[in-house]
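Each chain, written out:
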Amino acid sequence: MARDLKACGKNVVLSTLTLIESEADLRRLRRFCEQDEFLVEANDQSALQVAIRNKIPFVTGPSMNIYNTATLKILTRQGLQGWNLPVELGKETLEQLINELKAEGLDLPAEVFSWGFLPLAWSSRCFTARHYNLPKDNCEFRCLEHPDGMELRSRESQELFRLNGISTLSGSRCDLMRELPDMERMGVSTLRLSPEHQGMDEVVKRFDQVRRGEVPATDPLQLVEAPPCNGYWYSRPGMDLVAS
Amino acid sequence: MDAIILADMGLLDYAANKYPETPRHLSVQGSATSHEALSFYKDNFDIRRAVLPRVLSIDQVRSVAKQSPVELEVLAFGSLCIMAEGRCYLSSYLTDESPNTRGACSPAKAVRWQETPQGLESRQRSPAYIADVARTWRQALDRLDATPGMFSVESQWNNTLAGLSEGGLTTIGAYHRKWK
Numbered sequence: 045m046a047r048d049l050k051a052c053g054k055n056v057v058l059s060t061l062t063l064i065e066s067e068a069d070l071r072r073l074r075r076f077c078e079q080d081e082f083l084v085e086a087n088d089q090s091a092l093q094v095a096i097r098n099k100i101p102f103v104t105g106p107s108m109n110i111y112n113t114a115t116l117k118i119l120t121r122q123g124l125q126g127w128n129l130p131v132e133l134g135k136e137t138l139e140q141l142i143n144e145l146k147a148e149g150l151d152l153p154a155e156v157f158s159w160g161f162l163p164l165a166w167s168s169r170c171f172t173a174r175h176y177n178l179p180k181d182n183c184e185f186r187c188l189e190h191p192d193g194m195e196l197r198s199r200e201s202q203e204l205f206r207l208n209g210i211s212t213l214s215g216s217r218c219d220l221m222r223e224l225p226d227m228e229r230m231g232v233s234t235l236r237l238s239p240e241h242q243g244m245d246e247v248v249k250r251f252d253q254v255r256r257g258e259v260p261a262t263d264p265l266q267l268v269e270a271p272p273c274n275g276y277w278y279s280r281p282g283m284d285l286v287a288s
Numbered sequence: 018m019d020a021i022i023l024a025d026m027g028l029l030d031y032a033a034n035k036y037p038e039t040p041r042h043l044s045v046q047g048s049a050t051s052h053e054a055l056s057f058y059k060d061n062f063d064i065r066r067a068v069l070p071r072v073l074s075i076d077q078v079r080s081v082a083k084q085s086p087v088e089l090e091v092l093a094f095g096s097l098c099i100m101a102e103g104r105c106y107l108s109s110y111l112t113d114e115s116p117n118t119r120g121a122c123s124p125a126k127a128v129r130w131q132e133t134p135q136g137l138e139s140r141q142r143s144p145a146y147i148a149d150v151a152r153t154w155r156q157a158l159d160r161l162d163a164t165p166g167m168f169s170v171e172s173q174w175n176n177t178l179a180g181l182s183e184g185g186l187t188t189i190g191a192y193h194r195k196w197k
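Listed in order, the protein sequences are those of chains A and B.
Note that my numbering numbers the first sequence so that position 88 is 132, with each residue one more than the last.
Note that my numbering numbers the second sequence so that position 180 is 197, with each residue one more than the last.
Next up, chain A with everything else stripped away, as it sits in the complex (with noise of 0.2 Å):
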């Protein structure tokens, strides 16, 4: 599929797993850092380590904890080529970051998440498999079933969270798409918008027209079922929505 998209003239990223645990998931880590096809998304310390033995270029994604320019500088002497703000991170840290990265000369492109549900956990149960109580190991990929997670609910009725197998995520749709000019200012090279089961199609269709000033930032894509968010931005709860 890779390849496929590669011929189509996508830029495409390998992106490695967040919470490695086995043998089995080092042996697969290791084979997408034994190639130079792709560029490699490295998210936990075990891919970093794996890309750095083998000369390989990387990214980091928005799991790695990169809260200061004295790791992206560590990073970067090393075959760091661009990488992910942190999702609970905001427009004040990211500013600051991009400048002192400026006055020391170096130009590494950064990515904000800018869509879609937040990954904002994860832990070694499968919360899927435990909701129809399977074992995790035979689990019988229920998750196909729920191609966008479980919606979890607090006793106040609010939509707080999706389960996703091991993962959680937000209730609230992340919606930066009117920070946009925000982030062309600040030089942010790369969005990123997470897919979902329906009208992703729409979603970047939508953001590409922002992107080209052909409609404003301020009128926003109609899509229903999760109400949007956008705290961290504004260093805020990240369930938050602020008004701009």
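Among the clues, some could well be false.
Label-pair restraints from in silico Cβ distances [unchecked claim]: (1) A:PRO225 - B:ARG129: 35 to 43 Å; (2) A:PHE185 - B:ASP19: 45 to 53 Å; (3) B:PRO144 - A:GLN242: 25 to 33 Å; (4) B:LEU97 - A:ASP151: 39 to 47 Å; (5) B:MET18 - A:GLU269: 52 to 60 Å.
In case anyone wonders, no lab produced these hints; they're calculated from the structure.
Computed from a predicted structure; not experimentally measured.
Each residue gets a CB set at the ideal place from its N, CA and C atoms; glycine is no exception.
Following the hints, put chain B in place on chain A, whose structure we already have.
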């Protein structure tokens, strides 16, 4: 000071360069779940020891330990979290404060407190709690040293520790993986 426990790569780098003589231990928040991850921290920051995240089963701990380039520490008693430490943003999603950004998980300001007949459950642990836990574990470890191969858990130890656990409930969590 015997050692300093750190998780952030920038801080580990600073400590390794400024105070190379002070041993560095990788915090559980460093999220090192494999020997490759441990090697990354060893190669880059020369850590002496690492605390393993609590998501690993005892078999997985055994497998990591076999190839680990550093001493290992595992959490043996206390409150359990089912999420992989160091990369959990549930707290900041709800309250804006998280372990990574403020060193806080579910900060007290965001909790709706209820006074109950039993009084308030304290998030911080008292010196008395720590003394009881440490004394009980010391006894168990000394017994293990004295009679290897013949070790068994005394009911009195279990009773003491159960009395210190919220609701009297204990589990060995992910270490025991019968749910797998």
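Hint check results:
Between PRO225 (chain A) and ARG129 (chain B), the C-beta spacing of about 38 Å keeps the proposed range 35 to 43 Å intact. Remark: the range hint 45 to 53 Å for PHE185 (chain A) to ASP19 (chain B) is upheld by a beta-carbon distance near 48 Å. Distance hint check for PRO144 (chain B) and GLN242 (chain A): the Cβ-Cβ separation is about 56 Å, which falls outside the suggested range of 25 to 33 Å. Checked against the hint of 39 to 47 Å, the pair LEU97 (chain B) and ASP151 (chain A) passes, with Cβ atoms roughly 44 Å apart.
Checked against the given bound of 52 to 60 Å, the beta carbons of MET18 (chain B) and GLU269 (chain A), roughly 53 Å apart, stay inside it.
The earlier numbered hint that this structure contradicts is number 3, and it is the only one.
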